[in-house]
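Chains as they are written, first to last, in the UniProt record's numbering: chain D, 1 to 857; chain L, 1 to 217.
These are calculated hints, taken from the structure and not from any lab test. Here a beta-carbon is modelled for each residue, glycine too, at the ideal position from N, C-alpha and C. Some hints could be false.
[To be verified] Chain L side only, calculated, beta carbon under 8 Å to chain D, not exhaustive:
| hint | residue |
| --- | --- |
| 1 | Asn2 |
| 2 | Arg4 |
| 3 | Gly43 |
| 4 | Ile116 |
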Amino acid sequence: MAAHFDTEYQRLEASYSDSPPGEENLLVHVPDGNKSPWHHIENLDLFFQRVYNLHQKNGFTCMLLGEVFELVQLLFVVGFTVFLANCVDYDILFANKFVNHTDSSKVTLPDAFLPVDVCSTSIRDNVAVMFVLMISGVFWLHRLIKFIYNVCCYWEIRSFYTNALKMSMAELPYFTWQEVQARIVEIQKEHQICIHKKELTELDIYHRILRFKNYMVAMVNKSLLPVRFRPPLLGESVFYTRGLKYNFELIFFWGPGSLFESEWSLKPQYKRGGNRLELADKLASRILWIGIANLLLCPVVLVWQILYAFFSYTEVIKREPGSLGARCWSLYGRCYLRHFNELDHELMSRLSKGYKASSRYMNCFLSSLLTVVAKNVAFFAGSLLAVLIALTIYDEDVLAVEHVLSSITLLGVCITVCRSFIPDKHLVYCPEQLLRVILAHIHYMPDHWQGNAHRYETRDQFSQLFQYKAVFILEELISPLVTPFILIFSLRRKSLEIIDFFRNFTVEVVGVGDTCSFAQMDIRQHGHPAWMSEGKTEASIYQQAEDGKTELSLMHFAITNPQWQPPTETTHFISQLKERVQREATGDRHTLTSLSGSEPRSLIANFLAGPPSLASLHLGRDGSLTNHGPVGVSDGASALRSLSVSSMRGSCSSAHRSAGHASSASRAMAGSSTDARTASSGSSVWEGQLTSLVLSEYASTEMSIHALYIHELHKQQSGGELSRHTWHRQDSDDSSDSVTEEGGSGGGNTNPRNPIPRSHTFPISTPISTPGPIPSSNSGPNPDRGSTPGQEVAPLQSNSQRRYGGNTDSVGPGGRVVRSARVPMGGWAEEGRGGRHPDTVPEGSEDDMPHNIHKVT
Amino acid sequence: MNCRSEALEVSVEGRQVDEAMLALLHTILLHRSTGKFHYKKEGTYSIGTVGTQDIDCDFIDFSFVRVSSDELDRAIRKAVGEFKDAMGNGTDGMGQISLEFYQKKKSRWPFSDECIPWEVWSIKVNVVNLANEQERQICREKVGEKLGEKVINIVEVINRHEYLPKMPTQSEVDNVFDTSLKDVQPYLYKINFQITDTLGTSVSTTMRRLIKDTLAL
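Isolated chain D, as found in the complex (with noise of 0.2 Å):
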């Protein structure tokens, strides 16, 4: 009977006229229930968002505490400059007018203060006042209203992690991202929280994240935004704020009448092509509104950014004057520098690994006649002071006379601000080298930066990528005056491209919805000849990425993330640059004892030696790294140390030594292990963050290699017309000519592209290949660790595994695999201990080896 039931549809008339709804007839179902509340997110978008924000805040207290303090520093800076202009009498405070006190002749601070109803009728009076008021109010209590929503969304959030995810608060802090994300990806399977797939992936997840970022990296890629200008004056400079910027994203992605209907999908008129030159009207017509808007809200955006930057910026000049004089990356820089598909925090480590490099590099160029001047100033001014110290510290009274402590405070900055002019005596720089490094961490430079390095316009150019922290505020400050102008002038003028560019670059994935095409880091759609992927990509001019974005976008994510697979293709292209690069590291080992004689093809060595003159840099054939070189170099050191890849491992240890960083490393490395083990085992949740922490180092270490291989082979095909490529390009169509250039460049390369097929030979030629460099390499420091060779060839047979599913067999890596994953755990957790040391971080970089990291754990 019951099996007349398997349709639910049909109306049975046997089973009616047997018995009348009878419960013991029917088939008896069992609901599963929505347990979870998580299955079927409507805004994904957000709610990634604000997975991500949650995590990178540290926790839910973290961020509330935060918001609180943030909305009552709002209250205080408005409560706080009202008071000190109207209710403070500043005579009394002065001593210009006496306090006709009785008892005592001390003035105290009370007495300055005026009486409360002076002072609320001066505050009624003045009209301004009443207008600042209202206007903070305004947005004090808007703020206020988005704290409260933020944090209801934010505690649904917070159990999505608790309940769903099944981390707690306490130790989200200790979970990297990718850890988050591999957990996300696992419950879509139990949840389905996205509804279109049965699994999710991480390049989902980041598109949605960083779907309207990705078109701003692409559009700043593409020279479409106005954000260079030539002022009369100053020469090209770029002006880019975080006023214009959200002014920018207001209009193209949320604001009124935007572009995007929704988070997640461009109104379906911009996708067709019909009626464009309407729709630029149309938007530019906008634009001006937006601008005229921002013409009337300027005095209070203005009023309020000084505010702002007073009480924000001062004490910290107060405590540190020389911080004015400190760099930054500018809002330009981190748009021009980031890949597609980067988050904020991997962003920000790698630009702050940069840091010191860059701000040496910048002093290589302080002006000589300035130092001259600063030198003899800070002399005049220094004399003043000492003379000051001693009196005030002979009889204290002095400190009472008019004047005196100013003139020492002022005196004192007058001296910091001059000392940062004058370069330090025992420094040698080499600004080629320094470059160099700083290319490792940030992967993008213009080409004609290559070789330059030591020119003004080069330093004029970095500047405009890593400005003083002085320009940064003061840009800042005028940028509500400015941005009006940009609108209405610059940014109207490019309506029809900005349509253009939405239409031509934007794709719907299904699942995600529309993202920027270039996202999709697509070799064969976005890939630019002259960044290795010359016959993959079929990108016309107006569709390759500038500057090799697609090319390193795409390996920074598939080292990144170890577990995304990528389509075929890209799968080609990523496996088989990194054999070039394990090829060239391990194959140029031989060749670097005599590193003078570097041919073209050894890249490595190459971008090792750097200009021959420089390299006071010996990688000796014990794999031992020697520097010699003062400052300049040895930080250039640091990062070769941790270039190529495989040979390195080795040397690692004794390149600690040499620079005298971790110089215990390389008998911790070879001894410890149990130290390791029983210190772990003591707190599961700091090993689980040692591990990622070291797999992340060991991440963005592979891919400085990796950029700089790609700009390394970049030149060396390009040839000798790096000078096609100008720094600023006006219109993508200015390279049009060189492409069949390049072509020729490209196939007479001297360097000759492996044919695709080589890359299936992969796991068979590595061992081959390998064996003699990296026993020999990994023996020397790690001589009582015999397995360790295994690390050499298990990753590159996972990744064959994984990769090239059918044929493993070939050296039979199966229980290998898990083994060698396991016993370099307890060494990188070692190294990883080391590696909590700022400066030795980026060292030792092994291969893949996230891949098996991630396996086993």
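Given the coordinates of chain D, work out where chain L should sit on it, guided by the hints.
Then chain L, alone, in the frame of chain D:
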């Protein structure tokens, strides 16, 4: 975004509009309805039966199967009637009617319940004008054939093994199914329609988005 969307397109004559729409909507709903659930104490339930009915069209050479529930039929007819009125009796015209399946999600106090769509069927209608009786006759057959194809399309889509809301417990049954009907229990659905030229989003949704965006800044 987190919802599937399927699109169908038909060209019909003015008087065929409601029958064509009814045919398609009913076909979809036939596959998206179950019998009434009868919950028992142990948390299990049994499913009631659903009858089906063949309907012949007057203006199209076509007949379709629908759930034999007059209440459901009335609801759909009402929506289609409104759609047709909105199209006007004008000659040429384009419109779009969409059938959206959603589930409700209870949320905490400050927010109202969310309706999260999981599948949207949008049917685009082109109304054509025919000159004479002969053309009408041809059209009658052609539209019948086309509708047959569409029905097969629909069945193909529905046969794919894709996300459906999970079967709810008794307390949650209202979040997934429309339990207001006596004899049948379709998934919660909404029928919206748009007439071309007013394809832009409505003012209220724009406002709502604006507020949400400002909050989410």
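Under 8 Å, Cβ to Cβ, is where L/Asn2 needs to be relative to chain D, so tell me if that hint holds or is violated. For L/Asn2, the interface hint holds, since the closest Cβ of chain D sits about 5 Å away, which is under 8 Å.
Interface hint compliance - L/Ile116 to chain D, C-beta minimum distance less than 8 Å: The hint holds - L/Ile116 has a Cβ within 8 Å of chain D, the shortest such distance being about 4 Å.
Agreement of hint L/Arg4 with chain D interface, Cβ distance less than 8 Å: holds (7 Å)
Min Cβ distance, L/Gly43 to chain D: is it shorter than 8 Å? holds (7 Å)
In this structure, none of the earlier numbered hints is contradicted; all agree with it.
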